[in-house]
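From first to last, the protein sequence lines are chains A, B, C, D and E.
If you're matching positions, the first sequence starts at 1 in our numbering and goes up one per residue.
If you're matching positions, the second sequence starts at 118 in our numbering and goes up one per residue.
If you're matching positions, the third sequence starts at 518 in our numbering and goes up one per residue.
If you're matching positions, the fourth sequence starts at 694 in our numbering and goes up one per residue.
If you're matching positions, the fifth sequence starts at 901 in our numbering and goes up one per residue.
A portion of the hints provided could be inaccurate.
As the list claims (entries may be wrong) - Here are the simulated EDC-like cross-link-like pairs (lysine to aspartate or glutamate), alpha carbons at most 16 Å apart as the crow flies:
1. B:Lys177 <-> C:Asp680
2. C:Lys589 <-> B:Asp468
3. B:Lys427 <-> B:Asp468
4. B:Lys447 <-> C:Asp680
5. D:Lys780 <-> A:Asp108
6. C:Lys679 <-> B:Glu180
Hints listed in this document are in silico derivations from the structure and should not be mistaken for laboratory results.
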Amino acid sequence: MSFLSFLSQPVSLSHYLIVGAVLFVCGIVCMATKRNAIGVLMGVELVLNGAAVNFVAFSSPFLRADSQLSLGLDGHLITLFIIVLAAAEAAVALAIALCYYNTHATIDVDEGDELKG
Amino acid sequence: MERVDPELVEFDVRTDEMLINMGPQHPSTHGVLRLVLRTDGEVVTDVVPHIGYLHRCAEKIGEKISPRQWIPYTDRMDYLAGMNMNLGWAMTVEKLMDLEIPDRARHVRVMVCELNRIASHLVAAGTYGLDLGSFTPFLYCFREREKILDLFEEVCGARLTYSFITMGGVTGDLPPGWLDRCERFLREFEEVIPELHAVLTSNEIFVRRTAGVGVLTPETAIAYGCSGPVLRGSGVKWDLRRDGEPRVTRMYEDYDFEIIAQHEGSYPQDRDDYPPVPPEAVLGDSWHRFYVRMIECVQSIRLIRQAMAKYQGCDGPIGEPIKLTQKLPKGEAYLETEAPKGQMGFMVVSDGTAIPWRVRARSSCFCNLSVTSEICRGCLLADIPAIVGSLDIVLGEIDR
Amino acid sequence: MNATEIIDRLKQRFGDRILRSDTDCLDPWLEIAADGLHEICRFLRDDPDMRFDYLHCVSGVDYVEPDPKKAKKTDWQPHLELLYHLSSMQHRHRIVLRVVLPRWRDGVHGRLPEVSSVADLWPTANWHEREVYDLCGVAFAGHPDLRRILCPEDWVGHPLRKDYETPQEYHGIRVK
Amino acid sequence: MINWHTLFFLLFAVPTCLFAVAVVASANVVRMAMCLIASLAAVAGLYFLAGADFVGAMQLMIYVGGTLVLLVFGVMLTVQGPSVSLKISSANWLMAGLAGGALLIVLLSAVVGIEAWTSKAVAETAPAVEAGHTVAPLGMGLLGIRVDQLSQQDPTLRRGMSGYLLPFEIVSVHLLVVLIGAAHLARAKRRRTASTPATTAPLNPEP
Amino acid sequence: MADYLVQFGLPVWLAYGGVALMQCLILLTIMMFAAATFTWMERKVSGRIQDRLGPTRVGGRFGWLQSPADGIKLLCKEDLMPAQADKILFRLAPYISFCASFCVFLALPFSNGWVAQQLNVAAFFILAIAGLEVFGVITAGYASASKWSLYGAMREAAQVVSYEVPFGICVLIPVMVAGTLDLVAIGNMQQGWGINWMIFHSPFMFVTFFIYLTCAVASTNRAPFDLAEAESELVAGFLTEYSGFRWSVFFMAEYGSMTAVSGLAAILFLGGWHGPIPIADLLGLTYSNHAILGWFGELLGACNFLFKAFLGVTFMMWLRWTLPRLRIDQVMTTCLKYCIPLAAAMFVGVMLWTYALPGGILPRKTPMAAVAEAPAWTTVETPGGDRP
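In isolation and in its complexed conformation, chain A is listed as follows (with noise of 0.2 Å):
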């Protein structure tokens, strides 16, 4: 169905979870992709994002035709777990990423190879 079409459309939920998978999908292929420790945690980071804008769309009452259907507070609160779990959980990586420089020299991953076989 063409897709200027659904441009024109209020917005609805769907515009929200399309860029929510958009989030997603690049976050997975910079985790996939990229050779710096630091580049695969902002894929982290934006796999995490990806998750967040479905809640809040879920959430919001203005997204759906019956606001009663709507996850109400319930979104928004588990938004606000994941940003503060997401600043723990990269404090931590980074603190790991700086380890891992201090004792490669470089921050490149595929350096990290003592474990193959």
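With the hints as your guide, set chains B, C, D and E onto chain A.
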């Protein structure tokens, strides 16, 4: 903050050590000094000063012209204290020729040299405030210094390079009315000193930035040949005006003044409105060096007042300078005098003709600066200007 | 302790290495042999009643008469002198050490005279000896970092020598 | 008809997607960080648009202002010379592109397929934001009083309305543990041997 | 305002768009005007402190034309860019920090109704946006590709990020007492005589005001905490490579955030647009009498607010020209060892104080009463209990 041994320097992330050039044209180095710092993050592990950018081979020229012609060269060595430099060279040649100067000239010399000491200490205090980031005291100090330069302009026509003191006395007598203008300056200056203490010495942030920074132990100070406020800041009670050679101490013979150095934990307090020594200040740190300079200004005021009284008391000849072609007796003479920055030594070797065979100037800042690599090891990057500023160096004198 | 007592003490202890001395001139001095410099300085610094802890300065004086006419009238041979001005803060006495060196090592033009460095006894000597090396051309053996201090690193010649002519230009900059 | 809502939605959605793709595409890690910051700031705009203004402000402050600053610090500390832009072989690109594309198609078909989510079901006039709309219910929810579900008649659902007090406490303890762990992991380690051979050699700096 | 225009038959989207644009323009002019006057004022104030005149040459006796003259000079100065700089980031950096410090003005109320966008999370929004300004500095530091600017940028980033914590707590305390994040409500809560100001709510609040000022000075990189462009060590920090217009954008961002932070202080602690003596009420300039009179009351309030912001900025300038600079580790220790514990202690103190004396020293609208007007559901007992 105790000094960190470079071998055990902490590293959190493998930042390869940076080699940073501070200078030669850097806002906080006084003149053209180049400091090569090896830093690891914020901690400075090694400092190597590079000098020689202002070397004008004054000593080579000294071997071609007569001593009186060389006096303008001594002015340009420590351009902030021209009078004291002239005094040093003049007295060295007088020592060689065993020349005595009349009392009236002696008192003029004391007055003028102590005024120049105040001017030099004012510049030191002002630029030190600038190094630590507060702009205002710099302007207070230079406003007072302008008044001193006006007084000098009346005496010898120049504001920075005076060539006023020569062998055999001074080139001219004080103009009429100069003494009460000088008295008015001293009175005004005495009100400004508490202001400077308030803005700098007892300022909480200033104390935090200087107390315990760049600690110089008395033994290291003596071993490195430091002198002046740098030496006295480390608690060594040594001032050539009192402990120097007879010829120098004769100049300050019947003058009553204190030598400013922390003795048994306290400074000589002849006035009660000095700010107390803060608890964090360790003997020999940048704060003490700054404090010694500030109190020396007060002693200089006392000296000038006594010199003015004595000058009015005795009326004799002012002493006429030696002739340009005066033959110097054969032999050597080395004499050190108490310049504002430290002991400024001059040596003259003559072979009997009017032109000296060899002229040598021993600079106080040359030795004071050689201490930097010792006391700056392990400090933070922001401490470098604090330490170098407290040594109060002038590159003209170091490079000659 | 005045100068004569100091010189007598040194003569007893080092005998032949103390050469000439003169106590009634303005700055009493004593001349010592070049090879005994380090040992004598260590004694002067560490001996309890000498205690020379303050080295004022190290200066080099070059004695040579470039133009032949005046050269005949000089009563000394061309040589290089090092002057060490020492003083003690404790005992408040002072002495000048004089070391006479040949202008060039074993007569070959360009080879600097050798003398042992006292930088380990008085750290202030570190910079002073570098200046004498830079300007007067005396090599100090055992100096931790003997480089030129006032002239540029790659400067040729030692300016304070009497027979030194200024080079025409330095890196394209006219000097004369 | 293009109304305000779609215009603002596009204003925020397009940069989000563009910068997200830019993060994947660029090799230079610093540029990647900048694009990520821009993308997540645009996501914060989306949250404001969807009526979750407290969450939007939270995202801006905690996520963009805190986490990504940490990330940029990490980038600045480790970007030394060659590791700034690590090239990726084109084979990886191809495979990643294929996998990503497939996943995207699956997701989009789900998103567009389900009738309830598409726009035909959206009520014509969106309910206006009622006056006195404060974040108090959100705060109360965190403390366990589900203020917005009071009218819930269904008893089974009602019991589920205990609010988020327990996870709130767990998260605070969790953050403390993470804080200490990260600080310990990246602490300054004291090195016994001379840090670099250069310190032993005399320091003659090249001009 | 917007619906006022709609009555004239303008299409809805044009009306709202026009109003939004107008508000942005007004705020932009206020910010430009504030930056211009403050640069001139800084030189006058520093002159007075240093016993000299300050600019007098350009324009009349007081040299008031100085800042436009500076502006023109900066505009025609050449915009240098170092060769190996990261071109895009180098150009982008000043605009990031300018936008961040401009967006803060959107949620800052100048008077009762006079606010660009009345958010009910205004205080929190301002905190969030103030956090973004550090990105402009980091990008500038990295993009200038020189050792010195990287040092400056890293120092500033570390300082601003660590000072956001006590800054946040100090903003939280008056918000906790007021019960709402909406700045307009907080402002309205402090009307009446000067004693109603939040700062006199309790001794703890009084101390919080001064901690707030320290953190505000630190987070806008001014006076004793201006490590980033510590000229004595790092030449000019991250600003070394900038010149001409880009430098003036950074400069405006700094003055903008200074004004914004002192404006926030005025609202949270010093009674926003209410003067110590409620002249507007005494003279009857309230909406109840007549719309025009009400408008003048608001105008008076706006002048009041601007005067307090002006006082805050003068205080920062006064600090700058008297105190020397702190070292980077001293800045960090003041933040971690002094500001945060003190702010936390004040938080507990104010909380206990409101519990002990609900109305504060003098009986006035208690926060709980203020909430009472909110919809009925807030006064509720825990769920599960069966409601009558």
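Okay, the hints, checked on the actual structure:
In summary, the hint linking Lys177 (chain B) to Asp680 (chain C) is supported, as the alpha carbons are separated by about 12 Å, within the 16 Å threshold. For the suggested pair Lys589 (chain C) and Asp468 (chain B), the alpha carbons sit about 15 Å apart, so the restraint of at most 16 Å is met. For a cut-off of 16 Å, the pair hint linking Lys427 (chain B) to Asp468 (chain B) is broken: about 38 Å separates their Cα positions. Of the supplied pair hints, the one linking Lys447 (chain B) and Asp680 (chain C) is violated, its CA atoms being roughly 22 Å apart against a limit of 16 Å.
Distance hint between Lys780 (chain D) and Asp108 (chain A) is fulfilled; the C-alpha atoms sit about 11 Å from each other, no more than 16 Å. For the suggested pair Lys679 (chain C) and Glu180 (chain B), the alpha carbons sit about 9 Å apart, so the restraint of at most 16 Å is met.
Violated hints for the displayed structure, listed by number in ascending order: 3, 4.
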